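These protein sequence lines are chains A and B, in that order. Under the UniProt record's numbering, think of the first position of the first sequence as 1, with each following residue one higher. Under the UniProt record's numbering, think of the first position of the second sequence as 1, with each following residue one higher.
There may be inaccurate statements among the hints.
[To be verified] Pairs of lysine-lysine, DSSO-like flavour, derived with a Cα cap of 27 Å: (1) A:102 <-> B:216; (2) B:216 <-> B:246; (3) B:87 <-> B:223; (4) A:45 <-> B:183; (5) A:279 <-> A:86; (6) B:87 <-> A:102; (7) B:61 <-> A:102; (8) A:329 <-> A:252; (9) B:61 <-> B:25; (10) A:87 <-> B:61; (11) A:45 <-> B:147.
FYI, nobody ran anything at the bench for these hints, they're computed from the structure. In this text the structure is predicted, and so the values were computed from the model without any measurement.
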Amino acid sequence: MKAYNWQLKREINYPYEVKRPKRQFAVVMDLNKCIACQTCTVACKTTWTPGRGQEYMLWNNVETKPYGFYPLGWDVRLLELLEGNKKTVFDAPEGERVLGWKPEDMDWMYPNIGEDEVNEPVDIGTVLESLPHPIWMFYLPRICNHCTYPACVAACPRQAIYKREEDGIVLIDPERCEGYQECVKACPYKKTMFNFVARISQKCIGCFPRVEEGLQPQCVITCIGKIRLMGFISPPEEAMPDNPIDFLVHIKKVALPLYPQSGLEPNVYYIPPINVPIKFLKQMFGDGAEHAVKTYMAMREGKEPELQALLHLFGSTPRIPYSFAVGPKEVIAYDEKGKEIVRVPLVEPLQSRPHKDERLEVVRQDIP
Amino acid sequence: MIVIKFLAFGLLLLSLSFAQELISKRVSKTTLDPFDKVWDQAKEVEVPLSGQAVTTPMKLKPTVNAIRVKSVNDGKYIAFLLVWEDKTQDRFHLVDAFPDAVAIQIPYKPSSDVPVTMGDKGQRVLILHWTASREENLEHGYADVSKIYPNAVYDWYPHATPPHKYPEDWANQYALSYIGGEKVFRKNTLKTPVREIVAEGFGSTTWKDIQGAEGKGVYKDGKWYVVIRRAFVEENTSNPDWGPGKATFITFAVWDGSAGDVGARKVLSYSWITLKVE
Numbered sequence: 001m002k003a004y005n006w007q008l009k010r011e012i013n014y015p016y017e018v019k020r021p022k023r024q025f026a027v028v029m030d031l032n033k034c035i036a037c038q039t040c041t042v043a044c045k046t047t048w049t050p051g052r053g054q055e056y057m058l059w060n061n062v063e064t065k066p067y068g069f070y071p072l073g074w075d076v077r078l079l080e081l082l083e084g085n086k087k088t089v090f091d092a093p094e095g096e097r098v099l100g101w102k103p104e105d106m107d108w109m110y111p112n113i114g115e116d117e118v119n120e121p122v123d124i125g126t127v128l129e130s131l132p133h134p135i136w137m138f139y140l141p142r143i144c145n146h147c148t149y150p151a152c153v154a155a156c157p158r159q160a161i162y163k164r165e166e167d168g169i170v171l172i173d174p175e176r177c178e179g180y181q182e183c184v185k186a187c188p189y190k191k192t193m194f195n196f197v198a199r200i201s202q203k204c205i206g207c208f209p210r211v212e213e214g215l216q217p218q219c220v221i222t223c224i225g226k227i228r229l230m231g232f233i234s235p236p237e238e239a240m241p242d243n244p245i246d247f248l249v250h251i252k253k254v255a256l257p258l259y260p261q262s263g264l265e266p267n268v269y270y271i272p273p274i275n276v277p278i279k280f281l282k283q284m285f286g287d288g289a290e291h292a293v294k295t296y297m298a299m300r301e302g303k304e305p306e307l308q309a310l311l312h313l314f315g316s317t318p319r320i321p322y323s324f325a326v327g328p329k330e331v332i333a334y335d336e337k338g339k340e341i342v343r344v345p346l347v348e349p350l351q352s353r354p355h356k357d358e359r360l361e362v363v364r365q366d367i368p
Numbered sequence: 001m002i003v004i005k006f007l008a009f010g011l012l013l014l015s016l017s018f019a020q021e022l023i024s025k026r027v028s029k030t031t032l033d034p035f036d037k038v039w040d041q042a043k044e045v046e047v048p049l050s051g052q053a054v055t056t057p058m059k060l061k062p063t064v065n066a067i068r069v070k071s072v073n074d075g076k077y078i079a080f081l082l083v084w085e086d087k088t089q090d091r092f093h094l095v096d097a098f099p100d101a102v103a104i105q106i107p108y109k110p111s112s113d114v115p116v117t118m119g120d121k122g123q124r125v126l127i128l129h130w131t132a133s134r135e136e137n138l139e140h141g142y143a144d145v146s147k148i149y150p151n152a153v154y155d156w157y158p159h160a161t162p163p164h165k166y167p168e169d170w171a172n173q174y175a176l177s178y179i180g181g182e183k184v185f186r187k188n189t190l191k192t193p194v195r196e197i198v199a200e201g202f203g204s205t206t207w208k209d210i211q212g213a214e215g216k217g218v219y220k221d222g223k224w225y226v227v228i229r230r231a232f233v234e235e236n237t238s239n240p241d242w243g244p245g246k247a248t249f250i251t252f253a254v255w256d257g258s259a260g261d262v263g264a265r266k267v268l269s270y271s272w273i274t275l276k277v278e
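Extracted from the complex, chain A is given alone in its bound form:
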């Protein structure tokens, strides 16, 4: 069946009729700020994958680009399968439902491969003076993209995977799953994983118990660098300028999908790292990479005050921001009902304290 993919601006083949969910779970990640501290990974693992058979599973992982992968070579192999973007993963060979490849168990055992490795060897004394950097690397944190056209849903012969209508989160039904691993083969991002003790496949659940309570996922709220924001994205023709995700993705177009050429319309969006050459960013995030980098750099020069204000909301509240407003000195986030959930000053308030505390008669050590 034909389905319209707004990221590719064309129709794709999908085996089921898809109605867009009432609301679509979406996350924006600012790759200019990720430091690969892996707090997100630990948060997710402690909450959801501390069980037997899940030892190797990282529903959230952070890999270094260009030479890191989890599982090994996942994106390189995806690009090979797509044959220079001639196909999406739904252009499957005969006898198959989805074009995919199957990782072996050892492919999952090197989550830190290539960590912190730059794109080419560096001479001693090299100084990076221009953007983009000639020697570069960046960190790519990844979760399940809760795609609009999930390959996992398409691939399961038992329809054990479903996309929720209320928030677009994609879940595997653990009672219905029999561990065929068709979804593992199909997912281009390799975010469905087989539990070899329970004999069923499992995946990122979008922290749906939190989302149902109006709270952002574990990996989002624990992010030290405040690089993540979760909200609900609207289709482009319904984009609302006061919805933080719509503003970043549809209006400023500074947040881009991951490998949109897969055809799945993934719903985790990345603000590309400005230190990386545009050619690489275009391969990973699509043609909008150049505009996104330019917009972000303009923001750093003070030319995008609303965007700059919105970035202050990242990591500022555990509640899901449905809308936001920018005041002269603050940015404010509102919940579903329009009630204020947080107010963040745009300039960090300056505190000045004397070097000696007269009352306690001690000298402060923590001020210059």
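Please arrange chain B on chain A, whose structure you already have, making use of the hints.
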């Protein structure tokens, strides 16, 4: 295209092998031992199998092409001996690894009009599915982390007791139902290597409420010898219309784990075989 070739071949087999008949010999006592002398009394039928090419994902390059079947019954229980050639024995269900398996399918209504492709809406079939991984769990203990990855080191499983059961009052109630709840535990700890499922069309298989089927599988000299046994009538649950003196239909499917067979990737007989129970 390959798909049409397979369907044509299947239909040809349908017309040829419609004459195939499996007689379940009446004996005094059935057995779970594939090498018991009681099987000598039963007449063997060789059923040709072809790759599943009705729905994706398909088995376009099958590695098993026939199965030999015998059946005995003692009026209360019916047992089947299934023998097929497989170069490797695959006894584990792991990341990118699947177990060898075999299944028999009986329509609830003794009619060959029931689609052989696992029935259809309102036309239910009973499937008895043996896997080598269940056999392995029972014979050598549950295949847990220490068996699969003996050198793996892990410091802490909060609350999980092997194999993969979590206490009902575990604080993370969402994780409990999602990753390790009672149904998942129960699916993996059957006391028999054969599970009973019903289906009304492919893709709809569902575990039966009562699991009464028994079985045993032995791998010897490049062949699997599997016995599947079930009572004709199991209490407090639905049963197909079959029994001593009655005739119904039966068909078979085989999975070769090392060839990546699981689920729809299987070989099967596209035609019903008549099953005459003495």
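Checked hints:
1. A:102 <-> B:216: violated (31 Å)
2. B:216 <-> B:246: holds (26 Å)
3. B:87 <-> B:223: Holds, at roughly 7 Å.
4. A:45 <-> B:183: holds (23 Å)
5. A:279 <-> A:86: Given pair residue 279 (chain A), residue 86 (chain A) holds - Cα atoms ~18 Å apart, limit 27 Å.
6. B:87 <-> A:102: Measuring from Cα to Cα gives roughly 23 Å; hence the hint holds.
7. B:61 <-> A:102: Status holds; Cα separation ~17 Å.
8. A:329 <-> A:252: holds (21 Å)
9. B:61 <-> B:25: violated (35 Å)
10. A:87 <-> B:61: holds (25 Å)
11. A:45 <-> B:147: holds (23 Å)
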